[in-house]
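For this one, chain A is given, so just place chain B on it according to the hints.
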Amino acid sequence: DAGVTQSPTHLIKTRGQQVTLRCSPKSGHDTVSWYQQALGQGPQFIFQYYEEEERQRGNFPDRFSGHQFPNYSSELNVNALLLGDSALYLCASSPGLRNEQFFGPGTRLTVL
Amino acid sequence: AQSVTQLGSHVSVSEGALVLLRCNYSSSVPPYLFWYVQYPNQGLQLLLKYTSAATLVKGINGFEAEFKKSETSFHLTKPSAHMSDAAEYFCAVPNDYKLSFGAGTTVTVRA
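From first to last, the protein sequence lines stand for chains A and B. Each residue of the first sequence is one higher than the one before, counting from 1 in the working numbering. Each residue of the second sequence is one higher than the one before, counting from 1001 in the working numbering.
These are calculated hints, taken from the structure and not from any lab test. The model shown is predicted, which means the values in this text are computed figures rather than measured ones. C-beta: ideal position from N, C-alpha, C; glycine also.
Distance ranges between label pairs, derived from CB positions:
1. A:Phe69 with B:Gln1042: 18 to 28 Å
2. B:Glu1066 with A:Asn71: 36 to 46 Å
3. A:Gly40 with B:Asn1061: 21 to 31 Å
Pairs of lysine-lysine, DSS-like flavour, derived with a Cα cap of 27 Å:
4. B:Lys1058 with A:Lys26
5. B:Lys1058 with B:Lys1068
6. B:Lys1049 with A:Lys26
7. B:Lys1049 with B:Lys1069
For reference, chain A alone in the conformation it holds in the complex (with noise of 0.2 Å):
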């Protein structure tokens, strides 16, 4: 049974880029859940889908949307990107909305 996977495990960035990263939940698994890991931070949420809907958002500007598929795989998008958007994206998964959530590997973004 494969776990929540992500890629790309890494990408390289220059400012004002944009920038696509995907998201395939564990088996079972309809909502996803973007963290968003700066180095030496604990994970801060960025958005939640449920139902190919956002379903709720943290702290994060318009320049970071999102998309979830009818097969529950998600995508993360980042605009115009900027030097602080360096950072470990975690995608999350939880069989509906539950408070256990199961993690994938991230992809690092390094933004130049």
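Using the frame of chain A, we list chain B on its own:
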């Protein structure tokens, strides 16, 4: 909203010594609390979870945590540290099905 505070950003222990990582939650009693571990260049792995069914919770890799309402704490312990325990540890509390994490504690194990 619920929050957690982790005391001590870095803990260094000798192999075989007790590991104690501190986590305090905000005033109201949460229905759930979690400890996650993050090994270098990896995602988060659930160590254990508190669900109010029991105050002493046993997790994976020999870790356990005790929920103490009187101290608003959920400290993580392991009686005997192993080199493989070197990692970053996060305490987390759910708020409307999203997790709020502490700042993390990095554990270093000395041979």
